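Colleague: All chains, full assembly: derive it from the sequences and hints.
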Amino acid sequence: MTETGEKPSGVTGERPSATRPAPGVNPLFREPAYDETMKCVQCGYCLPACPTYETMGTETHSPRGRINLVRLTAEGRLTDWSLLAEALDLCLGCRACETACPSGVQYGRILEAARSAIRARRRGGPLAEAARSLLMRRVIPNKRVLNTLSGALWVYQKSGLEAAANRLKLTRLLPAPLAAFAAALPRRTSPRNRARRARTGPAERAEAAAASAASTAKPVASAARPRFRVAFFTGCVMDAMFGRINALSMELLTCGGCEVVRIPGETCCGALHAHAGEHGDAVRLARRNIEAFERLEESAGPVDFIVNNAGGCGAMLVEYPLLFTEEPDWRARAERFAAKCRDISVVLAQLELPLAGRGNERTTVVTYQRSCHMTHVQRVKDEPLKLLAAIPGIELREMADKDKCCGSAGIYNLVHHAESMAILDVRMRAVRATEAEIIVTTNPGCLLQMQLGIRRAGLEHRMRAVHLVELLAEACGL
Amino acid sequence: MINEFERSPKSGHARYGAETARKQTRATRIKEGDTAMAAFTETHLQELRAIFGDKRVLYREHDLYSYAFDASFGTYRPDAVVQPLTTDEVRKLVLMANRERIPLTPRGHASSLSGGPLPVMGGIVVDLSKMNDKLIIDEEDLVAVVSPGVLTAQIHQAAERKGLMYPPDPSSSAVSTIGGNLAENSGGPRGLKYGVTRDYVLGLEVVTPTGEVIRTGGRTVKNVTGYDLTRLIVGSEGTLGIITEATLRLIPKPPASETMMAIFDDLVVCGKAISRILSSGILPAKIELMDQASILAVEHYEPCGLPRDAKAIILIELDGHPQAIKAEMETARDVCRTTGAREIRVAQSEAEKNDLWRARKLVSPAVARIKPTKISEDICVPKSKIPEAFARLERIRDKYGLHMVIFGHAGDGNLHPNIMADKRDAEEMKRVEQAVAEIFQTAVELGGTLSGEHGIGTMKAPFLPLELGDAGIAMMRRIKEAWDPKGIMNPGKIFPRPGQRLVLTDD
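Top to bottom, those sequences are chains S and B.
As numbered in my numbering, residues 12 to 489 make up the first sequence, in order.
As numbered in my numbering, residues 926 to 1432 make up the second sequence, in order.
These aren't lab readings, by the way, just hints derived from the structure by calculation.
Incorrect hints may have been included.
[Stated by the list, open to error] Footprint (simulated), chain B over chain S, 3 or more residues, beta carbon under 8 Å:
hint, stretch
1, 47-55
2, 58-68
3, 78-84
4, 87-94
Note that the coordinates shown come from a computational prediction; the quantities given were computed from them, not determined experimentally.
Glycine included, C-beta positions come from ideal geometry on N, C-alpha and C.
Modeller: Following this line, the structure appears as structure tokens:
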């Protein structure tokens, strides 16, 4: 008996202290997170939707449990912040709970505000802080640095070091998460080819054009009478790791009759920062992107859409207005920006693409691993299915629990590797049951994770993971 | 894990030894009826670990707080949480708790609206949601044999795959466990035609509060051997034992369904229409109601083309043979028209059916926008009293000046007046308490009951004498004491304590 120990009579026990007056409320949890926790009626409808509740099996690791812990910490009843941090750190942030919630609780806002409060209290060691700062402030938002790293990756793969390392099981000596991803990393284009791909193929030509267009607002490609005029948001990790997919994306848009322009000066969307509680950094990056977009429209005229192909980044872009709750001017600018952001599937679904099929008679079975933030935040659900259905020779076979997260979740699979792999293994059992040859994804994180999943399940000889754009490009002969 | 946080003086990992030592010196003893509960100690924790292993015994502060609530009111931190996987583990646990006088609170997914899973006396929360390995559909015997942690929706799906149906359909079936449904005797919209959970339970395996494993009932619909302990256990809210397996009755799935919406300019007239449909020789599977407050909330939240000036809407679903329900639909339509419905819409396709039901499904999220705290009541009145119940609920709403929406399963007399308030507003919550008391009074005066399907738990215990009388409660107490002489099973539920009243606020 813990709470009612000193009150031996009556059922009063511990009344919900939510009715206590505001002074008890921790200032860190004022607007908007604390109020948002009050909207949760603890019905539990989120439990079956939560991947960590499924794999970890306790309420502590469920949305309802986490919201309750945030509320109790805000009210000063749970005083050990490390316990709150433990529960929130292990949340994927997939936000499937928001779709499941019948009361419209914005879990994402609670999570980010609480993580931000935790960051403010956490005493990280100087080294850890320096490394974190380097990654968050220098590497991710900086395309040059990312491109250099990406080049290093190519050297690693092409020099045979990778094969040797794999053969000698050297990857086993790496920390497990890194070893796992070294094995699953995408094939890199050589830096030299990246520079001169104009001469190689249409996709690479577009990629090269895109790279060289980075500093100008000149159309990357245009059609005679464009169906839409779109600005393509390349993203940072997507651009460095999956440049080919970006190139194909722009090709597809052009192919469907759009005029495509780049956004000079665009940077990382800031999603990783926001999800990690680095609110200030996220705001800074959002401002830079909004400004870049405004400059583009000033100098080169308005665009119909800002198109991206990464479910997670797209979700961050449409949520920019939430970053500026205290600044009406910026909020208005963010709203204008966000109103134009679209996932590429939404735009492609409105175009007429020359989907000629994949050149063989045999039907290929594919399954579709949804991007959580595309589904639950952008609420884009139908368009990818519509596009898949339009490709001749493709049969979509949905997996069980098709809306569940793959466990990639930004950098979750690196920092919480074991938990992430437990979630991935559940997913791969569902994938395997479909007997699909291809797993379609719509976000770079998911794509990497599913590639890793295929290896972990020992399916690499009969299954591959692709971005939806790659499959469409293939069908269009790009 | 290294603690990276500055420790506040009161903080700490709830290190068990220190905390329990303090508690023991305080000699905490809680009176529950005539029985005394003992404090939970380190030794008890060790014994739990011996039964369940380290992983399935939770005792750290954040874990305890995560099992301190349900969908009703109050936060009650238990001393430990265990997650059994087998009947034998449950048996060992109960033997220990009974020997040591430690309260046990069984729990599924804690979606209860009446406080059933709240560990109000502390002790051990028994999380049965992990005991979910058995779900057998027997097509020849028309039964399902299930473990308590299986989700109700999983039973629905498994039965439907074989052309069968398990009718009880609480709105929470996607998350609720069958164990919780059995303990609370859950209902749902289909209760109108098909009855509630207890009507589909043929047999149970139960661990009694003294640690015996018994089997009640059997596998046949007819069974009059001895007292009907199955019916006693179903709806006993975890106070008479822990259900570890159930044998459920299944029926053939109806081949077709039809849906109709009727719109009224008067709530009481709508109530009359419901009564008349039910006495017109047809039995719909569901009759769901939305009052004007619900309609406005939905239209404000996500416009569905509902008339904002209508005072009430009912949705009627008929199921059965396609030709039979076509004829029945005509009857229902005639009754509504002659009683005074201003408009009737009959769905002509699956898509139209879904459209009609969409509005009903949006009520919950829509009313949640009005105010954050929802007090969901659950009275049930005889069918002939439905119109009067509506009239009196409207008076109560106006008298206390509250946001009240009435929606739910009107057809079986089970009305869900939901009061929307803000639990941070003490003055408003006082008015809510008074209104709730008057709602209960109304239900009993009309020959109805305090609770149709949510259970008594902690919330409605103070009102029990109103309906059962002192002698009625005394008889129930004697049953409770015979089963559970030490009072360890879910103490603090159903039975009111002297002077107990409904409290939704702190003071």
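Colleague: Examine the stretch 58-68 of chain S for residues whose CB is less than 8 Å from any CB of chain B, and state whether their number is three or more.
Modeller: Result for this restraint: holds, n = 3.
Colleague: Count the residues of the stretch 47-55 of chain S whose Cβ falls closer than 8 Å to any Cβ of chain B, and tell me whether that reaches three.
Modeller: Since 6 is at least three, the answer is holds.
Colleague: Are there three or more residues in the stretch 78-84 of chain S whose C-beta lies within less than 8 Å of some C-beta in chain B?
Modeller: Holds, because 3 residues of the stretch 78-84 of chain S bring their Cβ atoms closer than 8 Å to Cβ atoms of chain B.
Colleague: Taking a Cβ-to-Cβ distance below 8 Å as contact, does the stretch 87-94 of chain S have at least three residues touching chain B?
Modeller: Since three or more residues must qualify, the claim that chain B covers the stretch 87-94 of chain S holds, with 7 doing so at under 8 Å.
Hint violations for this structure: none, all hints satisfied.
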